[in-house]
Amino acid sequence: MTDQPVDYHPMWEELGLDLPSHDALLTAVGQLFGDAYLTQENRPKGMDYLNFVMSEVHGLRIKELDDFRKQGGKVFGTFCLYVPEEIIRAAGGWSVGLCAGAEFAYDQVEQIMPRNTCSLIKSFMGFKLAKVCPYIESADLVIGETTCDGKKKAYELLGEIHNTWVMELPQMKRPEDLAMWKAEVRELVKKAEEVTGNTITADSLRAAIKEVNDKRRALQRIAAASAADPSPISGKDRLLATQVAFYDDVPRFTQMMNALADELEARAGAGEGVAPRGTKRVLVTGTPMALPNWKIHDIIEKAGAVVVAEEMCTGSRYYQDLVPEDGTTLDEMIDAVAEKYLDINCACFTPNQGRIDDVVRMAKEYGADGVIDLSLQFCGLYEMESHGVEAAVREAGLPVLKITTDYSMEDVGQLSTRVEAFLEML
Amino acid sequence: MRVLGLDIGSRSIDAVWLEDDRIVDWVVADSGYDPGSASAVFVERDAHDLLVATGYGRHVAKERFGCSAVTEITAYGLGAAALFPNAASVLDIGGQDTKVISLGHAGRVVDFEMNDKCAAGTGKFLEVMARALGFSLEDMAEQARKAETGIAVSSMCTVFAESEVTGLVHRGEDRARIARGLHEAIAKRTLGSLKRVSATGPLVFAGGVAKNPAMVDLVANGFSGEVLVPEEAQIVGAYGAALSACGSEGSTRWVSGS
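Taken in order, these protein sequences are the chains called A and B.
Start counting the first sequence at 726; every next residue gets the next number (our numbering).
Start counting the second sequence at 6; every next residue gets the next number (our numbering).
Just so you know, the hints here were simulated from the structure itself, not pulled from any lab data.
Hints are not guaranteed to be accurate.
Claimed, not checked - Below, simulated SDA-like cross-link-like pairs (lysine to any residue); rule was C-alpha separation at most 20 Å, straight line:
1. B/Lys200 / A/His1112
2. A/Lys788 / A/Leu866
3. B/Lys200 / A/Glu1115
4. B/Lys200 / A/Ala1116
5. B/Lys200 / A/Gly1113
Unchecked claim - Residues on chain B that point at chain A, a partial pick, calculated with CB under 8 Å:
6. Val75
7. Thr76
8. Glu77
9. Ile78
10. Thr79
11. Val114
12. Phe117
13. Met119
Unchecked claim - Label pairs and their calculated CB-CB ranges:
14. A/Gln833 / B/Ala45: 25 to 33 Å
15. B/His175 / A/Leu751: 49 to 57 Å
16. B/Gly37 / A/Met897: 54 to 62 Å
A virtual CB, placed ideally from N, CA and C, is assigned to each residue, including glycine.
Whole structure, please, built from the sequences with the hints as guidance.
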């Protein structure tokens, strides 16, 4: 951290960002972060690192990507958990998440997409069209996936203006689907080698598997510490850690998150919490919350509860499973990567009982008093699956609140009332 | 102990004064353009030991008066159960929202549903439709009750329904039958919500729209159980808010769960 703020405008200009729009975006995100995060009390000290990352999210980190690329490194932009970071890193590339968590330039988006498209898709396209996402502008290749119809078609549109490549994800988890997915991961191996000019070896993949597992282990520790009552960390802070995991330098992030986990374990041991013992505990499940979407966590925690777990792509689905580290040959390890990724329980699969089982199990493990099931409006997959989630959670004896919303702020008052009433009911 | 319950809604501010759990006075006033000041009139009117706010303006009241606040859901549950101890569910159609609540023991909320961000099918919707039909609110309800059959109105969006109604009027359709169609559409939507929270009777129908006899008839005809309308349907929320304070003192049977 330097005393003199660095002016990143020349770098942003070189990346082709629209500077006035980008400045406006940074101001808005800064205000949002200040209001949602910096107003919290009893935060762990380890969160200072994530505060710093957020203050430099379009600055220092982009500079690192820029330096990496100037030395010949290749950056891969991804939107989804199913794109294996291990393969990209084994080829010497870096994987970064792309901007998709705020309403931006919907007017431009709606010229090429229907209005009734989910916020996540509209958002990433808006960031691209308005030229305000330095991550996508730093991406030598965007790797998409066929996780839903909206994204599948959106990647065709993105492909017209950015170098884009799409992985085909099966919709079922039968042996023949796994075989297809293993072949698809091998296609990614070839693609990553072609883009980076490097060859993936057993050694490089083994090292990448270990590195990414370590990152997931650190996040598992943070999640596990949240099972304590009182929880040593707010849901918002834990969510931020998971969101930043998609962007940050892997070894550094792992180290800092392990330090945060050490602190959380000590706090939990000492009975220190972010809110008093007995504060209502909520598990949130549903559609992912891309940075800077903190809307529902913010509403829940400002209403006086604490979110103790996230069963979502920006939550347990990202870190709960690891790739076995005992593979010896390259083929074994590629298969192991494919198997781990196909285990993720997204609503794009049928059936998806694994997710429902996870929600019920986690609600018990984290001592949740209630479950909030969140769907982004027009995300047919999660909206449809909501019925089964609700039934299973009620069967397990817990109340459920179903929320369908988008990135706009116009329903915050209404949602607050519903969330507060839900908490009063617990 | 004297407790003041305030329900600061979008269309009206309702105040209830309790003296040892019994209603000693109540007022229903227009929210106007400065609900904070309108509420202050009641807060300052005479002395009370506790003040609880509910409704749309509860957070503003909490800051302004340093009082506690509960949501309308909890307040209506408590209020309805205090008025009708055997109440099993509540329907409240207010100025700009609709809520349905399934009740457990002693007015405890078991499940609830609210309309989302728009005012479809609420008091505001009826106001706009009455204007489009050239009726007063009371006349529209009366006409709707008298009409034998309704003309189906397909949209529940206030803006779309207004254009639809204007179209029907221009086609020369009977205004009373259009009014009935509008009421039927709201009732159908409301009955759907009640089903989703597994509401059983007796159902307490509260809120400003419970004063509309056509609405009450239609809901009563479509609902499987008994429908009860409090004499003062608008003060159920304020009453429940006041009772919630008594509950925190452990002094009433409504909230203590005994």
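Against the structure, the hints come out as follows:
1. B/Lys200 / A/His1112: OK: B/Lys200 and A/His1112 at ~15 Å, within 20 Å.
2. A/Lys788 / A/Leu866: Holds. A/Lys788 to A/Leu866 sits at ~18 Å (cutoff 20 Å).
3. B/Lys200 / A/Glu1115: This hinted pair holds, its Cα atoms lying about 16 Å apart.
4. B/Lys200 / A/Ala1116: It holds: about 15 Å lies between the C-alpha atoms, which stays within 20 Å.
5. B/Lys200 / A/Gly1113: Distance ~18 Å between B/Lys200 and A/Gly1113 Cα, so the pair holds.
6. Val75: At 6 Å from the nearest chain A Cβ, B/Val75 passes the 8 Å test, so the hint holds.
7. Thr76: At 4 Å from the nearest chain A Cβ, B/Thr76 passes the 8 Å test, so the hint holds.
8. Glu77: B/Glu77 check passes; min Cβ-Cβ to chain A is 7 Å, inside 8 Å.
9. Ile78: This interface hint holds because 3 Å falls under the 8 Å limit.
10. Thr79: holds (4 Å)
11. Val114: The hint holds - B/Val114 has a Cβ within 8 Å of chain A, the shortest such distance being about 4 Å.
12. Phe117: holds (6 Å)
13. Met119: holds (6 Å)
14. A/Gln833 / B/Ala45: 25 to 33 Å: Check failed, 47 Å falls outside 25 to 33 Å.
15. B/His175 / A/Leu751: 49 to 57 Å: holds (52 Å)
16. B/Gly37 / A/Met897: 54 to 62 Å: holds (59 Å)
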